[in-house]
Amino acid sequence: MSVGSSQSVILSNTESIPGRQIVEFYGVVTGNTVRAKHVGRDIMAGLKNIVGGELKGYTELLQDSRKEATDRMIEQAHSMGANAVVNVRFATSSISQGAAELFAYGTAVRIA
Amino acid sequence: MIEILLNFGLPILIMLIAFFVGSRIEKRHFEDIQNREEALHGFPAVSFEKLPADWKVGSVDLVSGSVVISLDYFKRIIAGLRGLIGGRIKTYEPLLERARREALLRMTESAKSQGFDAVVNVRLETSRLANSARNGKGTAGIEILAFGTALSLS
Numbered sequence: 001m002s003v004g005s006s007q008s009v010i011l012s013n014t015e016s017i018p019g020r021q022i023v024e025f026y027g028v029v030t031g032n033t034v035r036a037k038h039v040g041r042d043i044m045a046g047l048k049n050i051v052g053g054e055l056k057g058y059t060e061l062l063q064d065s066r067k068e069a070t071d072r073m074i075e076q077a078h079s080m081g082a083n084a085v086v087n088v089r090f091a092t093s094s095i096s097q098g099a100a101e102l103f104a105y106g107t108a109v110r111i112a
Numbered sequence: 001m002i003e004i005l006l007n008f009g010l011p012i013l014i015m016l017i018a019f020f021v022g023s024r025i026e027k028r029h030f031e032d033i034q035n036r037e038e039a040l041h042g043f044p045a046v047s048f049e050k051l052p053a054d055w056k057v058g059s060v061d062l063v064s065g066s067v068v069i070s071l072d073y074f075k076r077i078i079a080g081l082r083g084l085i086g087g088r089i090k091t092y093e094p095l096l097e098r099a100r101r102e103a104l105l106r107m108t109e110s111a112k113s114q115g116f117d118a119v120v121n122v123r124l125e126t127s128r129l130a131n132s133a134r135n136g137k138g139t140a141g142i143e144i145l146a147f148g149t150a151l152s153l154s
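Chains as they are written, first to last, in our numbering: chain A, 1 to 112; chain V, 1 to 154.
Bound conformation, chain V alone (with noise of 0.2 angstroms):
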């Protein structure tokens, strides 16, 4: 009997428990997010590089912003059964996301911070953590760089 409970029920306590944090923190992420890019609105980041005729350009200088995310065991489980049969990993979806915008909010606001106007020719890289277990297979987590040259006008 405890026996049973350990092989089936430690497993299933943890990924409950999995899947109500890691939803709250991803709720959470998402308002602070919204938040964050309403502080932000109007300042040009901008993804091409060629600047308005008008801009007059004092200093410059490269910006970035990084971060490294995972997704909570629950949602890692789904997202495995999901692989089984093919298809949208929905699970994965939001992750990115949250992850991308949250790179570009703090180059933006490291630019910001230094005083600059702008950001131009934003770049975002995507890069995978591979961690120890299973020989490596497995994601630790994902880096989102976002990066850019930041500039003031004059």
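Here chain A stands alone, though its shape is the one from the complex (with noise of 0.2 angstroms):
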């Protein structure tokens, strides 16, 4: 799966972007999702419990809601002007029974 969007705003979590220069720097910007789990899936996900494995339903609904937590990011640095956001990270938290925040951070930059 990518993250990143792949069109005006370059994402990567190194330090700087690899062969290009940063010229400006805009701050930190951040981006997050909270979302609950899906009552079907939660069924299967409760089945599979039984015999271990892979929780799919899971895998999916997680890889979505971290998607848009990073395109939430990806905005807010796009209207601010920078064209890049580097040292991205990520964080997973249970807020409460079967809710989590996916959360995404980054610097926004601007590279020639």
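It should be emphasised that the hints constitute simulated quantities derived from the structure, not laboratory data. Glycine is no exception: its CB is placed at the ideal position from the N, C-alpha and C atoms. It is possible that some hints are incorrect.
Selected chain V positions facing chain A (Cβ under 10 angstroms, derived; list incomplete) [to be verified]:
hint, residue
1, F20
2, H29
3, D61
4, F74
5, E102
Could you use the hints to bring the two separately framed chains together as a complex?
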């Protein structure tokens, strides 16, 4: 799965974009999403929990949510006039039963 | 008689099914991981950031791979028992190992399929997904996320 938008904003989890020069810093940009589990998927996951193995429904759910958080971060960077976000980090936290927050943050920069 | 059978027979039956099916899934998964790792042999996915001086970087993008995995019923009970006396919980070790390797494989495969030549600064993150059983204390699964910066070399 690609998390990058691959359009106007370049993403990287390195401190600079390899091969490019950073000319301006815009500060930290963030994006988050809080998702509750899907009822249908949870029933399937409950069954899968007996035999173990991958819970595909959850994998997809988290991937979609993370994509959304990343998109929001990109949007914020874009509105600031940045064309790249460096040092991107992801964080996940369980807010309450069956709900999780997915959070992406990084530093918006302009690269030459 | 029927009551005893329902009270003890059913959990034991579920445990046995979970044990056999779970072990089979685990074995197959390890074989699958091994094959895919061999197919990706030679594709650099490294955890450092500094590039060799002779690399000329073309395009850059963030890639990630994730997997949510859970332990089978039998092994979870064994792990619970082990928790009483402490020590190594051996049933959890292969679970985490295969989840990490799977997540790394997915990340690398996605980089390769998008035409990139290497992944640098690979990071791994682990988080626990709580489920609603036992007041949210029961573990529904463990998510492993692998992400890194994919590069194409020109």
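Comparing the hints with the structure gives:
1. F20: 9 angstroms, holds
2. H29: 7 angstroms, holds
3. D61: At 4 angstroms from the nearest chain A Cβ, V:D61 passes the 10 angstroms test, so the hint holds.
4. F74: It holds, given that the least Cβ distance between V:F74 and chain A is near 9 angstroms, below 10 angstroms.
5. E102: Holds, about 8 angstroms.
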